[in-house]
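Take the given structure of chain V and dock chains G and C to it, following the hints.
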Amino acid sequence: MGYDKRIDGRRPDELRPIVAKAGVIKRADGSAMFKIGNTVAYAAVYGPRDLFPRFLQDPQRGTLRCRYNMMPFSGAGDRVKPGGSRRSKEISMVTEKALLPVLNLEDFPNAVVDVFIELPQTDAGTRCAGICAAAIALADAGLSMKDLVSSVSVGKVGDMIAIDLDYAEESYEGVDVADIPLAFIPRTGQITLLQMDGLIDRDSLKKALEMGRKACLQIYGIQKKALKDRFASAAAVNGNGNSDGSGDKNE
Amino acid sequence: MNELLRAHILKWFEKGKRYDGRKLDEFRLVSVEYGVTKNAEGSARVKIGDTEVIAGVKLAVEKPYPDTPKEGTLMVGAELLPLSSPDFEAGPPNEESIEIARVVDRGIREAKAIDTKKLCIDEGEKAWAVIVDICTINSAGNLLDAAALATSAALRNARFPSYNGKTVDYKKITDNKLPIVRLPVSVTVIKLGDHIFVDPTVEEENVIDARLTVAITESGKICAMQKGGNAPITVDDIDRMIELAAAKAGELSKKL
Amino acid sequence: MAELLVPDKSIVVPGEEVAAGMDFLPTEGIYRDGEKLVASRLGLLVVDGRLVKLIPLSGKYLPKRGDVIVGKVIDVAISGWRIDINSAYTAMLSMKEATAEFIARGADLTRYFTFGDYIVTKIVNVTSQNLVDITMKGPGLRKLSEGMIVTVAPNKVPRIIGKQGSMVSMIKDATGCKIIVGQNGVVWLQGEPEQELLAVTTLRKIESESHISGLTDRIKAFLDEEMKKLQAGK
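Protein chains in written order, with our numbering: chain V, 1 to 251; chain G, 1 to 256; chain C, 1 to 234.
For reference, chain V alone in the conformation it holds in the complex (with noise of 0.2 Å):
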């Protein structure tokens, strides 16, 4: 049985829809919601701020940590047992290779920087969400950045090669299905996350990315809005020119 039409009618290369917003968590410095689909990421950034333990500090650059977490009521299925997994754990650990490319923290020695990110629900691509709504939080936040980070996964369900399988795809029976997540510094084309499982060839390896590649281009557009939209009042009054006459510029 083969696969030649997706599940819920997407063209292979078209996005779940996605809402990103930013600011959303009032005491956190900087934060995001992104959905894509039915996944929910929220993300909240704390930092720069002391480091404890001490011996965890850098005193050449500011430490970047990042907590992935799945509430206990975000999967199909059984609850999720709070505390922490050894898949959470190390989806933590890729999202923080994921981000740290682009942030500069030369300027924060020994401080660290916390990217906490929470799913309240969940249709595949968590970490792909997680990481979109962190780089869009870390800009809110006010940090020094390089450029965003975007990220989906790309697949290939029989022989079809798609971008941003959710649940049923990936887990589509009677077919071989390969799942990759990515992320991309929009930019410069540079992946910063690579992870895959399945089996595929390499030539259709090599046509996933490009199509991972422009989908990211197109969620990082999203990401830019949702940034911008947070401080629209202050662009659109700003646009209409220099009209002060009050005087009080004081930078």
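Derived by calculation from the structure, the hints in this document are not laboratory data.
Treat the hints with care, as some may be off.
To be verified - Keeping only pairs whose Cα atoms sit at most 30 Å apart, straight-line, the calculated DSS-like set for lysine-lysine is:
#	chain 1	residue 1	chain 2	residue 2
1	C	Lys172	V	Lys26
2	V	Lys228	C	Lys163
3	G	Lys47	C	Lys156
4	C	Lys220	V	Lys26
5	C	Lys36	V	Lys214
6	V	Lys21	C	Lys156
7	V	Lys21	G	Lys171
8	G	Lys177	V	Lys81
9	C	Lys9	V	Lys26
10	G	Lys17	V	Lys26
11	V	Lys146	C	Lys36
Okay, now just chains G and C, sitting in the frame of chain V:
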């Protein structure tokens, strides 16, 4: 504790005012949103001012406890997610999160909110387990009342998944609701100096003398209490605090 | 050929290309990548002749030498006090910089400053490792008495203070409150509750409307209006 800040807040209280302009017996804006996460059998988001929590209900078929073979079980967990406050750390549940979970659990349990006998499928063998998890999104004071309200709302929102006697099919959700008898709400009343007030902000929580959380059913019966804070309180105080809690509980239940 | 790729005064995000050509010079918040100038943080783009920079819209306070700030005592050590300054780093107040008085070795330092105390203090040095030294020696530097503490966005502090302190003076005069605005975004207020509340509401208004032209006049009108209401209520 900062004595100067405490003194200043007390000065405001003397005039019946609070830092955010509220009166002492006034809640911030309370909102309840149902069905906020698809994979939970029931869920709700509660906001009290800037405080935001999500509660989710999972239903599973388990073996009943040996001492209650004809009843299903209830469990409440709470996680103070480090995402929601600079003061929360990742790691195993701490005293504060355990207290929230246990106080909410007691309120539901002692109100006999759920007819647990109706959760029994096969005496001594199989019964539904109701598991509520509370997660904090933004922690801006009064998490306890928010958590209790979210729990009651999520229980009301829950629907059973289909069960064929062997396995639960979480993809097929039925129209059957939980056997809910009555739902409690909790109101925490704070004592500072001679004043009592409700719905504290984080700043106010940092300088309190004592607090009393009162869980109250729709019919006005008290079903659980918890005294917190370091200062002792008198019988007289308790009377005043419960009276205020009962009045506010009426307002909160209307939000459900 | 030099050209701007986004209009002046627009909001840009990290990684956004803002200008092309070697004639433009990247300054704060901008880096050069070949021909292109690229934003390295979220901010408002400002082009001043050939200079291109970003005004940050968010972010923590960065300690600067000479800044007068409001801090909170969080630890009393053997030879000084550790102060939270609403920044990525805490500051250290040494015995020598704390008072003109001689403090004997082993003296009880909580007699001078204790946990939870708020102080107005001045930054005297920031090292490359971001160790921040502060002093209490100087005009106006002191321990604060009973009052209200609020935190505002550090990047809005210049607007809150106003030209030569004009904005904050206006709020003080209108409300009769004592107000100290630290460069780190920590603000101390003392007055009657209604007036304090009005002062805080005004601070929040400045924070959210600082970019809309005619700020000073608008704030003045707002304060007059609200004070009238307060007096009428009496």
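| message | For each hint given before, does the structure comply? Return the numbers of the non-compliant ones in rising order. | response | none
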